[in-house]
Every structure is written in C-alpha cells, then in structure tokens.
Amino acid sequence: MALLKRKKASITKSVTKTKDCSQLRALLIADSAQDRRCAARDLIGCPHASTSLLEQLACEQETSVRQVILSSLTQIGDQPAVTGLVHCLRSEDVSLRNEAIEAMKHLPEAVAPIMANLLNDPDPDVRIFSVNILESLCHPAVETWLIDVIRDDKHVNVCATAVDLLGEVGSPAALTELNNLKQRFGDEPYIQFTADLAIRRIQGG
Amino acid sequence: MKNILIIDDASTVRLYHRNILEASGYEVDEATNGVEALEKALSGQFDLFIVDINMPKMNGYEFLQNLRKENITQSPAVMVSTEAADLDHDQAFYSGANLYLVKPIKPLQLMTYVRLLMGEESA
Amino acid sequence: MTEESISEQDFAKFAEYFYRKTGIKFDSSKRYFVDKRLNERMRATDSDSFRHYFTLLRFQASGEELQHLTNLLTVNETYFMREDYQFRCLVDSVLPDIVQRHDRNKPIRIWCIPSSSGEEPYSIAMYLLEEWSGINDWDVEIIASDIDTQILDNARRGIYSERSVRGVPLAWKRRYFREVREGYQVVNDIRDAVEFTRVNLSESADVRRMRDIDVIFCRNLLIYFDDLSRKLAAEYMFEALRVGGYICLGHTESMGRISSLYSVRKFPAAIVYQRPLEAK
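Chains as they are written, first to last, in the numbering used here: chain A, 82 to 286; chain B, 170 to 292; chain C, 513 to 792.
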C-alpha cells in the first residue's frame, strides 16, 4: 500500500442532477439529515423558499440541518425570512435564538425597517437580542438607535448591552446620554464601569 | 495561584469581571464563546468558570454540558444571564452549573460566591 | 499627507474588533507593525481620521476594506513543513483514529485547500512516507485545490527556492528533491501522488464534487472570508467530510468563531475539529 498516483477519477465528476423545487421540498422532510441539508441549501432559488425553510426549522431537531436552514434564510433575506427570524428571537431554545441573532446581523437592509419596533418590544430579552444584532449590523443608524436605547429603556440589562456597544461605535454624540445614564443607574457598578469605559474611549478617539 | 476562565461574548463584561477577579489575586483568561472556551479548557487548568448563557456558535448551556459530559473538569461553574426566568435557572443546573447569577453583577456579590465555590474562606 | 497618530484607546477598539472578526490578536507590542499598515490603508481610503477609517471598516457593506487590511496584517508565506505540528498530529493521532473505522478496500482521502503553490500537500506526502507506519497497510489519496489555476500549474511543476525548502530535513531533501537550475524540484513519485484541482471554496457546486474526505487541511484561508462566507464554507466542508472526518485550521484560526457544526478534539500535538460521529 502507498500513496496513490493521481487519477482524475478520485473526484466526483458527475454533477448531481439538479432537482426541481417540488422534489427539494419533499427532500426537506426526508429521513436522512444529509438529504435535508442538501435540500435546505438548494431550495434557495425556489419560489416561497423562506416559508418552506421556516416550517422545517420549527420542527427540525438536527443541529447541522438547522444551521444550513439558517444560512439559506440569511442568503435569501426576504421579508418572510426576516419575520421568521424575529419569531425565533422569542423561542425558549437558546441555540435557535442565537442562531437567529447571527443570521439577522447579515441582513441590514431587511432588518433596519423593523429595528425601531424590535427595540421597543415589551419583552426585555427581545430588546437585548436586538442590541446584539446591532453589534455587527452594517447600517449608518446603529449609533442613533443605541443612544435612543440608553436614553429611554428602563431595563438595566438592555441599557448595559447598548453601552457595551457604544464603547466601540460611539461618537461624541453619545456623551450626553452616557452621562445621563450614569445618573439614572447611580447604584449599578456595572453601568458605571461600562459607561465610564465608553466615555473614555470616545474622548480618547 | 488559581485560574478562572471568563466566557462571555461582550468584551466589556469580560473586562469588568477580569478587573474584579484580578484585584482579588486570581489569574484570569477569557473566551468569547463556548467552543473557544472548550478549546481553552482542553489545553489548560481552570479552577472556576464564569459562563454567560447567550453566546454565538456555542451557548453557555452547551459549553457546560460538553465540559461535564466529556469529563474535562469538575471545577465549579457560575452561570450568568440577563434573564431571571425559572426555566433558565433549572436548565443551568441541569447543564452542570453550580450557581446562577442574574446580571448586572456587583463586585462584592461576585467575590463572595467565587470564594465560596472555590472552598476558600467566605467573605 | 502626515502620519495620523492612533491613540491608545483607538488601538484597543481596533484590536478588539479585529480579533472578533479574524481571531488574530494584536497587543500593544505589535503597535509599530499595525499602526504602519493602518496608516497605509487610511491614506489609500482618503480617511482623514482614524475614526473615519474605523467606521468605514466596520460598516462597509461589501467588507472589502476589511479584506484589504487583513491581507496587509497577515503574512502568508508558504514553505515546506510550515506548522508541521499538525502533520505530527495527523500521523500520531488523527490517522490512527480514522483507520479504526475505515473500510480496508477504500483509500484514505486527504484534501488540502488552499493548495497554494503546493508546499503543503507535498509536505504531507513526505510526512506520511517518513513518519506514518500505516502507509504500509493503507492507500492514501492526496488532493490539493486552489481557486487560482496559475498557482495550480506552478504547484504541479513543483519547483521551489532554497528559502521554501529550508525546513525540510536534509535526508528528506535528498530523497524527495532534485536540484534544478531554478532551485529544487519535487521528485516525480511525490508529484504524482498529489492531484491538483481547481475548487472555489465559496461555491457550493465546486465543493460538492469533493466527497468522502477523511482529513481536510484548510489553513489560513478562512481568515480572508467574510463572516457569512466563512460559515458557508464550514458547512460545505462538513458535507465533503466522511462522518468522523477531521479538519485542521491555521494556528490563529478557531472553528469556534465560525460554526458549531464540529466537535473540538484535543490531541497531544494539536487541536483539530471533527465532524461528529453520532448525529447531534
């Protein structure tokens, strides 16, 4: 036995025959996880793909398939995809929630119009997750949204998460509200710490 | 000297905890999610873990389950979260946490529990 | 234009951001190196302040500037036996684990991407012949891929400079290279053992041609991808691997920052990632 001589045959040349959309939809609920991943990946070009993917996501147990579904939803990035991802933010499944946050970071154009609503959601957890999304969202309004949060939000952890991020993206425009926040949560050492750090970083830059 | 691994995706939170722990004489290392933390736990010795729940790639629960299932270490773990729901509380212990704290955390509170969990004199 | 000075605070912000994006850590001891390149990019992008440049870097939708900067801040020199602790891990731990459940009648398949100019796949071939006794019992196929067909042609020719072969033990150099006018050429036996083929790791259809791989070496490539492409590449490679197959990344790279599909495996010589044996 030894190192094999190169031979073209070792690489599958036979391109998998493209399946049509109805076949892919059937495959998305197949028994084999590999088939489901494959369908989730190839459904991208099909009409109403987001709806099919979200339906499967709701009941999919296999982590690897969920990951591929979420990647495909991110690549599609249409309104149904985003609505479905927002729904995932309310899930009690931590993995699903975090995967949805990661996916939404890649969809600035689709997420921006609903961001104000998300940041005013009655559930503080959803508001925290929305600030988490802002962390990597490439959008010019990120700082304004964060300043609104630290001015208006009553929940200490929502504000704390926003200040953490302002330390990175904040400009002098955030200074007034950072100082106000320190007053508002005068007895919270963490707020004092993170706001001071943000202020120092903004002034130092 | 005792080693503590802080696992949190927010760098400011890591720095905050680091400052408190270093001021009390502990060695501190950091990881930004569960997978990175597992890599560190596999290559180093830690006496305590401070674990955030919500992190990308691998969350705090999954990290602790892996840590315990793979029998990497039985060192105590403090789980920290922004949520106060009982459900999370139960899941934290089920995953192998020894203590569950809700953010924001005060320095004295953190040090009291850290000392307690490491079997040092309680404050 | 004058050299823009970058404050300590700005450097900290930048270092943190860059670490989160690429996994590469710069502390203040690297400031000269980093500042010089940051200034270069600030000039190239007409940024009049660091803040302006940092905003561009963070919020540019195309991510183009981050790629430029990453290219500048990473020295990607390839040479024989580079990061060879991973080859040690391959022969001491990974292959012994793989052969325990491998079909006797099928070859073990190792895939290098990027092939670059061929130093890595050839190094692996030599390492297997010299350091792995299992080579007497098993067939091994080595496939090396790159997006750049020009570089693949160079790799097939297998001619290298003195500098590129400096890490090769003398005895191996005698056995596996011959001196030619331009430097050293890898001998035919080794060149014939590596199959070079063009693959774009960002193209699902390209990667789909790769199946039943036992070990992937994907070192220092994913740092040049944006977050989403990196995650997709990890998913495509997952499909290319056999169940229980392994993936080795570069020493500054961590799968933990990319995807949670894989399990972390710690071996004495290195940490590698595995497509889990049982369904998660």
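These are calculated hints, taken from the structure and not from any lab test. Remember, predicted model here, so these are calculated numbers, not experimental data. Treat the hints with caution; some may be incorrect.
Restricting the straight-line Cα-Cα distance to at most 30 angstroms, the calculated cross-link-like pairs of lysine-lysine (DSS-like) are [stated by the list, open to error]:
# : chain 1 : residue 1 : chain 2 : residue 2
1 : B       : Lys238    : B       : Lys209
2 : A       : Lys235    : A       : Lys263
3 : C       : Lys685    : B       : Lys171
4 : C       : Lys548    : A       : Lys86
5 : C       : Lys542    : B       : Lys171
6 : A       : Lys186    : A       : Lys263
7 : C       : Lys685    : B       : Lys209
8 : B       : Lys171    : B       : Lys238
9 : C       : Lys533    : A       : Lys186
Cross-check of the supplied hints:
Note on Lys238(B) and Lys209(B): the hinted pairing holds, with a Cα-Cα distance of about 16 angstroms set against a maximum of 30 angstroms. Distance hint between Lys235(A) and Lys263(A) is fulfilled; the C-alpha atoms sit about 13 angstroms from each other, no more than 30 angstroms. Of the supplied pair hints, the one linking Lys685(C) and Lys171(B) is violated, its CA atoms being roughly 47 angstroms apart against a limit of 30 angstroms. For the suggested pair Lys548(C) and Lys86(A), the alpha carbons sit about 47 angstroms apart, so the restraint of at most 30 angstroms is broken.
A distance of roughly 29 angstroms separates the Cα atoms of Lys542(C) and Lys171(B); the hinted pair therefore holds under the 30 angstroms criterion. Taken as a hint, the Lys186(A) and Lys263(A) pair is honoured in the structure, with Cα atoms around 29 angstroms apart against an allowance of 30 angstroms. Simply put, Lys685(C) and Lys209(B) have alpha-carbon atoms about 37 angstroms apart, too far for the 30 angstroms limit, and the pair is violated. Distance restraint check for Lys171(B) and Lys238(B): the Cα-Cα separation of roughly 24 angstroms lies within the 30 angstroms cut-off, and the hinted pair is therefore satisfied.
In summary, the hint linking Lys533(C) to Lys186(A) is supported, as the alpha carbons are separated by about 13 angstroms, within the 30 angstroms threshold.
Taken one by one, the earlier hints fail for this structure at numbers 3, 4 and 7, listed in ascending order.
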